[in-house]
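Visitor: One gets this note's numbering by counting positions in the sequence shown from 1 and adding 1 to each.
In short, the hints are calculated from the structure, not lab data.
Any given hint might turn out to be false.
[As the list claims (entries may be wrong)] Capping the alpha-carbon separation at 27 Å, the derived lysine-lysine pairs in BS3-like fashion look like this: (1) Lys95 to Lys70; (2) Lys79 to Lys102; (3) Lys278 to Lys297; (4) Lys66 to Lys106; (5) Lys297 to Lys243; (6) Lys243 to Lys233; (7) Lys172 to Lys201; (8) Lys106 to Lys95; (9) Lys81 to Lys102; (10) Lys233 to Lys164; (11) Lys141 to Lys117; (12) Lys66 to Lys102; (13) Lys141 to Lys34; (14) Lys79 to Lys66; (15) Lys164 to Lys141; (16) Lys117 to Lys70; (17) Lys272 to Lys297.
[Unchecked claim] Simulated restraints, written as ranges between beta carbons of each label pair: (18) Asp351 to Asp139: 38 to 48 Å; (19) Ser169 to Asp90: 28 to 38 Å; (20) Ser169 to Arg312: 31 to 41 Å; (21) Asn341 to Lys172: 32 to 42 Å; (22) Asp90 to Gln188: 49 to 59 Å; (23) Asp290 to Pro246: 38 to 48 Å.
Yeah, the Cβ is synthetic: ideal placement off N, Cα and C, and Gly gets one too.
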Amino acid sequence: MTTRKWAKMAVIGAMASTMLLSTMVQAKAAPQKEMELNINHWMVTLDVNPVIVNQTALVPLRVIKEYLKPTQLQWNNKTKTVTVSTSTDQVTLKMGSREAKGQGKAYSLSVPAYLKDGRIMVPVRFIAELHNAEVGWDSKERMIYVYTPEVDVSTAEENPDVKLYPVSATKYGRYEGMVVEVEGRRQVFADWYGGDGTRKPIIQYRDMTGDGKPEVVVFYVDGTGTGIYIGKTHVVDAETLKEIPMESLDQAVAGHVESSIEKFADYIAVKIVIDGKETVQRIEDDSEDKSYLNDKLGFGAVVRHSIEEGRLVTLAAGSISPAGFAGDLQITYRYDEESNRFVVDRMEYDRLEEQR
2 MTTRKWAKMA VIGAMASTML LSTMVQAKAA PQKEMELNIN HWMVTLDVNP
52 VIVNQTALVP LRVIKEYLKP TQLQWNNKTK TVTVSTSTDQ VTLKMGSREA
102 KGQGKAYSLS VPAYLKDGRI MVPVRFIAEL HNAEVGWDSK ERMIYVYTPE
152 VDVSTAEENP DVKLYPVSAT KYGRYEGMVV EVEGRRQVFA DWYGGDGTRK
202 PIIQYRDMTG DGKPEVVVFY VDGTGTGIYI GKTHVVDAET LKEIPMESLD
252 QAVAGHVESS IEKFADYIAV KIVIDGKETV QRIEDDSEDK SYLNDKLGFG
302 AVVRHSIEEG RLVTLAAGSI SPAGFAGDLQ ITYRYDEESN RFVVDRMEYD
352 RLEEQR
């Protein structure tokens with residue numbers, strides 16, 4: 002019996018070892034994720050993938066022409082030389098060389114440039130040096146980052162000395178904290194989070210209080226998704242660099258709006274009352290199950306802010322379901338000097354075209 006017991010254990014051990022070895026072989030054979038390139042919060046699509054040579058990451062040179070500052074590339078096939086013309090320099094680089102020559106400046110390459118599938122491959126740090134950019138590497142995601150900090154600086158059209166930039170930015174361009182700068186004076190707003198690579202925050206320098214002096218107005222997007230667009234706005238006193246409070250959307254709706262959604266066999270009736278003024282909207286809906294509908298209009302999923310005729314305006318979509326909307330609530334604000342805050346001046350509800 003003892004012999005059989007140990008024989009059985011030996012077989013089980015052998016099977017376990019075989020399975021472990023098989024797992025190790027599969028893990029070893031699993032293809033490694035291709036390296037990716039992120040330039041100024043944009044995921045770059047390449048026809049020739051980045052490579053690593055002697056611990057140096059190389060990427061196609063043409064990416065600087067498409068994703069960084071305006072650049073011209075001129076190729077000499079006879080001498081296998083490329084000339085890179087930027088706004089500040091003209092650099093000549095020969096394939097197989099570790100040195101590029103600019104106008105009064107030499108650039109050293111840790112790995113020689115070479116051709117791969119018709120593309121000029123150069124160390125990513127060479128590209129960064131051409132444009133005073135920063136370079137990073139995420140080993141877990143196998144992602145190369147090229148970043149020029151000025152890409153995240155927003156400037157007021159009304160005054161170039163009024164700026165907005167992040168305390169820090171994620172690899173996809175979301176600002177984590179923001180800095181308002183007015184003619185060299187700075188104020189950090191650590192709880193302002195928003196924006197992304199395609200939607201930079203906007204800064205304006207406009208008189209919003211009516212005292213003849215401009216304030217700083219900041220707009221940014223805090224979140225997006227299916228049926229979601231959450232805009233944010235802030236107003237800052239340009240002299241004290243302190244934020245001027247603004248009545249929130251929730252406060253405005255709670256203080257001025259009442260609504261209900263009644264469900265009938267072949268339609269729904271949306272009723273909204275704004276400061277005593279009632280509007281009834283009929284929307285055809287012959288579905289048997291109307292449990293997906295809200296009991297009242299919801300505001301907050303889609304919110305946009307703007308300045309219209311010198312006034313702060315908020316446009317909030319009224320939702321009847323998680324992805325259905327009946328109309329827009331437009332809120333116009335005024336500055337209340339006594340309380341030093343922006344409060345609701347008037348509200349209007351614009352319903353979508355009714356279906357009868």
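Visitor: Against this structure, judge whether each hint is valid.
Guide: A quick look at each hint next to the structure:
1. Lys95 to Lys70: holds (22 Å)
2. Lys79 to Lys102: holds (18 Å)
3. Lys278 to Lys297: holds (16 Å)
4. Lys66 to Lys106: holds (21 Å)
5. Lys297 to Lys243: violated (37 Å)
6. Lys243 to Lys233: Judged against 27 Å, a Cα distance of about 17 Å means the pair holds.
7. Lys172 to Lys201: holds (14 Å)
8. Lys106 to Lys95: holds (16 Å)
9. Lys81 to Lys102: holds (15 Å)
10. Lys233 to Lys164: holds (17 Å)
11. Lys141 to Lys117: Holds, at roughly 26 Å.
12. Lys66 to Lys102: OK: Lys66 and Lys102 at ~19 Å, within 27 Å.
13. Lys141 to Lys34: Holds: Lys141 and Lys34 sit about 10 Å apart, inside 27 Å.
14. Lys79 to Lys66: holds (22 Å)
15. Lys164 to Lys141: Violated: Lys164 and Lys141 sit about 34 Å apart, past 27 Å.
16. Lys117 to Lys70: Roughly 24 Å between the alpha carbons, so the hint for Lys117 and Lys70 holds.
17. Lys272 to Lys297: It holds: about 8 Å lies between the C-alpha atoms, which stays within 27 Å.
18. Asp351 to Asp139: 38 to 48 Å: Given a distance of about 46 Å, which is inside 38 to 48 Å, the answer is holds.
19. Ser169 to Asp90: 28 to 38 Å: holds (30 Å)
20. Ser169 to Arg312: 31 to 41 Å: holds (33 Å)
21. Asn341 to Lys172: 32 to 42 Å: Hint holds: Cβ distance 39 Å, inside 32 to 42 Å.
22. Asp90 to Gln188: 49 to 59 Å: The hint (49 to 59 Å, Cβ to Cβ) is violated, given that Asp90 and Gln188 are roughly 36 Å apart.
23. Asp290 to Pro246: 38 to 48 Å: Since the Cβ atoms of Asp290 and Pro246 sit about 43 Å apart, the hinted range of 38 to 48 Å holds.
When held up to the earlier numbered hints, the structure conflicts with 5, 15, 22 and fits the remainder.
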